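Using the sequences and the accompanying hints, generate a full structural model.
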Amino acid sequence: MVRTIWPRRRSLRLAVGGFDLRDDAAHWVVLTGAVHAADSVCCAEYLALPEGCVTQGQLVQPQVLGLWFKDWLHGRDLHIDALYVAVPDAEVVRGTLRLSSDLQADDVAFQMAAELQAAPDAPAVCWDYAADDRVLHASPVMPAPEPDITSASDPRMYAWATAPRARVDAWQQFALAAGLRVSAVMPRDDAQALTQHSALMAQLSPAHAGLALQYDVALGLALGAWHGAGFNFLPHRAMQQQALRRHWWQRMTVGTLSGALVAVGVAVWMSHMAASLRDEIGDMAAAEQVLKQARSAQKEAQAELADAQALGQWLHGQALVQPHTLQWSRVLAQHSQGLWVSEVNQQQAHWQLKGEALSAAQAQHLAQQLKGLDIWAQAPELRHLELTAPKSAVGLSVWHFRIEADLKVGV
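Position 292 (the sequence shown) corresponds to 293 in the working numbering; numbering is contiguous.
Check before you lean on any hint, since a few could be wrong.
DSSO-like cross-link-like pairs, simulated, lysine-lysine; straight-line CA separation at most 30 angstroms [to be verified]:
id: 1; residue 1: K355; residue 2: K372
id: 2; residue 1: K372; residue 2: K409
id: 3; residue 1: K409; residue 2: K355
Please keep in mind that the hints were generated in silico from the structure rather than gathered at the bench. Being a predicted model, the structure only gives us computed values, none of them experimental.
What follows is the structure in structure tokens.
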């Protein structure tokens with residue numbers, strides 16, 4: 002049975018859809034509201050899906066289903082700003098990891114990548130993490146072994162979760178075919194727990210809330226746009242950084258062009274003033290002084306423009322180096338067994354890695370793996386390899402190593 006409530010259109014409002022797959026059907030809930038809270042249920046329906054697109058609650062033909070859903074939305078004149086979907090909890094693996102509390106966000110992400118990266122012969126996974134106090138307490142967390150990390154500062158607990166990359170890719174293909182922007186791929190239990198959030202539900206009228214609660218998971222997915230997903234298996238951190246960089250580049254370009262136009266305008270205006278003074282008072286000395294000032298202002302404007310262009314070139318070079326850096330960081334994450342990386346330094350294109358290994362062969366193997374990448378201007382070299390005796394009788398001897406290389410720039 003289809004039950005639909007159509008609100009009057011209002012400006013500056015969000016329309017967010019929660020799409021929950023079932024055996025051969027789907028639950029679909031659309032919430033609308035201002036940026037700070039959802040206040041209305043636009044749509045709450047049971048959708049019978051085309052045959053063959055879904056098998057046992059999994060997308061089999063995501064592109065076909067996406068095109069069908071695009072036509073379905075168009076036929077009902079529904080415009081969705083963001084789409085939230087779920088992964089079955091049977092495919093979600095959860096755990097906790099204790100790390101030092103003084104780590105920066107990039108360091109935490111690097112450590113998580115090293116711990117959660119799937120083995121080469123295992124199916125690829127997508128993962129996300131959060132500080133343990135930010136994760137929904139209603140979500141079941143499987144206990145996992147915690148590494149013994151010794152730090153001068155108090156450790157901090159992080160919760161993590163992984164899901165098969167194939168499931169996340171299928172949802173992205175579905176959204177692309179449907180012409181929608183998928184904002185989060187969440188565990189189903191996390192979405193269902195959001196319907197127990199009294200502050201979120203209080204914003205909806207009792208009649209609307211009662212209608213939408215028939216499709217509790219889809220409702221929780223849509224509420225995630227205002228509460229935030231406990232775990233989001235999309236690379237949302239990288240997407241946010243990319244959006245910030247793009248916004249910065251836009252502002253930089255507009256500022257540079259504006260500065261150039263202002264400089265030209267000032268130069269033209271000053272030249273016009275010099276000509277006017279020369280015509281009116283016939284004082285060549287005064288006219289030359291004004292012209293000199295105009296030229297000085299023009300030179301200053303040109304110097305500012307040159308500085309802005311130099312900064313843009315430097316940022317462009319950094320953007321070229323960054324993909325290379327990501328390649329070798331992935332190699333480090335995949336070969337972390339038996340190795341411990343203590344320090345990573347990068348100055349422009351020069352890269353240096355320090356750490357410890359249980360054997361010299363492991364350090365040399367890591368260097369050979371890094372040499373296989375095509376990102377080096379100067380291939381990695383094992384500059385230092387030294388065996389250090391243990392400080393106690395029960396410890397193991399370890400090899401301290403240092404690897405250095407230069408990344409390609411401008412390629």
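Here's how the hints hold up against the structure:
Restraint check: the Cα-Cα separation between K355 and K372 comes to about 16 angstroms, which is no more than 30 angstroms; the hinted pair holds. Restraint check for K372 and K409: satisfied, since their Cα atoms lie roughly 13 angstroms apart, inside the 30 angstroms limit. Proximity of K409 to K355 is assessed by CA-CA distance (about 21 angstroms); at most 30 angstroms being required, the pair is judged to hold.
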